[in-house]
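S.K.: As a plain string of letters, each chain reads:
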Amino acid sequence: MKMLIAVIKPFKLDAVREALQDVGVQGMTVTEVRGFGRQKGHTELYRGAEYVVDLLPKIKIELALDDAQVDKAVDAIAKSAKTGQIGDGKIFVYDLKETVRIRTGETGKEAV
Amino acid sequence: MRTIVLALLALLPAAATAQDLNSGDTAWMITATALVLFMTLPGLALFYGGLVRTKNVLSVLAQCFAITCLVSVLWVLYLYSFAFAEGGPWIGGAGKLFMASVAEAAVSGTIPETVFAMFQLTFAIITPALVVGAFAERMKFSAMLLFTALWVTVVYAPVCHWVWASDGWLFKKGLLDFAGGTVVHTTCGIAALVCAVRLKSRNGFPTTAMPPHNMTMTVTGAGMLWVGWFGFNAGSALAANGNAGMAMLVTHVSAAAGALAWMAMEWFKYGKPSVLGIVTGIIAGLATITPASGYVGPGGALVIGLLAGILCFIATSFMKRVLKVDDSLDVFPVHGVGGMLGTLLAGVFASAALGGFSGQGYAKGMDMRTQLGVQLTGILAVAVYTAIGTAVLLKLTDLIAGLRVSGEAETAGLDQTQHNERGYDL
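Chains as they are written, first to last, in numbering that gives the first Met the number 0: chain D, 0 to 111; chain C, 0 to 425.
If you are wondering where the hints come from, they were derived from the structure by calculation, not from laboratory data.
Computed from a predicted model, the values in this text were never measured in an experiment.
Glycine residues also receive a C-beta, built at the ideal position from the N, C-alpha and C atoms.
Any given hint could turn out to be false.
Heads up, simulated DSSO-like pairs for lysine-lysine below, C-alpha to C-alpha not over 30 angstroms straight-line [to be verified]:
no.	chain 1	residue 1	chain 2	residue 2
1	C	Lys323	C	Lys268
2	C	Lys172	D	Lys8
3	D	Lys108	D	Lys39
4	D	Lys39	C	Lys323
5	D	Lys39	D	Lys96
6	C	Lys271	D	Lys8
Computed from the model, here is a short list of chain D residues facing chain C with C-beta under 7 angstroms [claimed, not checked]:
no.	residue
7	Tyr45
8	Gly47
9	Tyr50
Chain D extracted, bound-state conformation (with noise of 0.2 angstroms):
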């Protein structure tokens, strides 16, 4: 089993998950977050105070995975979360020791 971490351009979720749902990727876990890369911030000015903004917005999209299914999950992300622009992000793939089903406590491949 793996664990996907991708860091995307938010305006980009929707993009990325109905490209996981083609490849039959089912279910994430989505967060916002705030980051930078090699992308450089904005600077807003309130009142002549100038602030560099450079923690952007973006998101975090974490899947849990079968071993089969990773290359494509990752192959999924990262063309429809393409931009080409700097700021893209990143996917960064784990090992998972294991994962349990709350609700019926299956474990391992059948929990993914």
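Position chain C against the provided structure of chain D, taking the given hints into account.
M.R.: This is chain C only, laid out in the frame that chain D set:
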């Protein structure tokens, strides 16, 4: 006993009886009073609330509401008397303590004295509430309450008496201050400056970003302030007449001109017009026209508003970027500078000899030169007295209650540490 009775009789509004009561004037003044209170609750509260960080939004609202309640009680107890009872050139007398002598039938001019007293109370409320902007996000609630009580007693009431009581020394000199360029804006502006310097900057200022947490709240408050200001200025006519009408017109013109001027300055200097700039320009225009509102015409108001937008903008930038004084919500550059500027300009645009920019004319025996002299005297006297008074009272407050919250409390936020509450639970 006889002396007391005679003294009390002497304090009754001379020759004003129930027959002088004008229901039109009274109806308007009751309305104006409500409008001015609305400026503080919730106008100013929202305006300031949106400008601070999320963790301090309640503290600002609490300060505005608490000040309203505190000053209201003190007004009844003794402030009204010190401000408006017959006394001397420097302070009112004891004739209206506890407002005991203000009967239901008592008349002041053409309106009930109760209405006059209430109207004036709303001014006494908003003035210390404005000062909140200078020490926002770092002053102890207890210290703020103590300081406010002392300040309205030692600074506001006397200055109010000097300018608006018929035996006040500036009133007698013929100072033109229709609705509070000196009494409200100069006092609160100077006090704000002194407080900001004395309390020192917020932790992290000016390098840490401290943008407004809720601009929509601020803009909502600004709208309430504009509308309420009609009560503030047009109500200062104390009657429902042409004077009030003109005051409303010039107030409106100045607000609009101030906003456009600030917007233009910002657009030119920083590249984009901001909403905060627009509403701050509005407030600058409103503050600046305040002392002049009963004396000038629409042409003069246009110039006053434009100058307000330009000069208050420059003052704000100067305070923030050059002096780096943390007058957190820019009370001095907007209200202080605006109030002083407007008081001076009242002396210019009151003239009936300026063609399209004419005002209502000078009082008998005055001309522009002599009037400007009086205006300058008033501004300086009020500014200097306020500065000294505020500094002394801050020192006293510090000795009794301290002034500033601890660094840790400041970081955690005043809502949590001073009030055990959260502004939002989203």
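S.K.: May I ask which of the numbered hints given earlier this structure violates, with the numbers listed in increasing order?
M.R.: Structure breaks hints 2, 3, 5.
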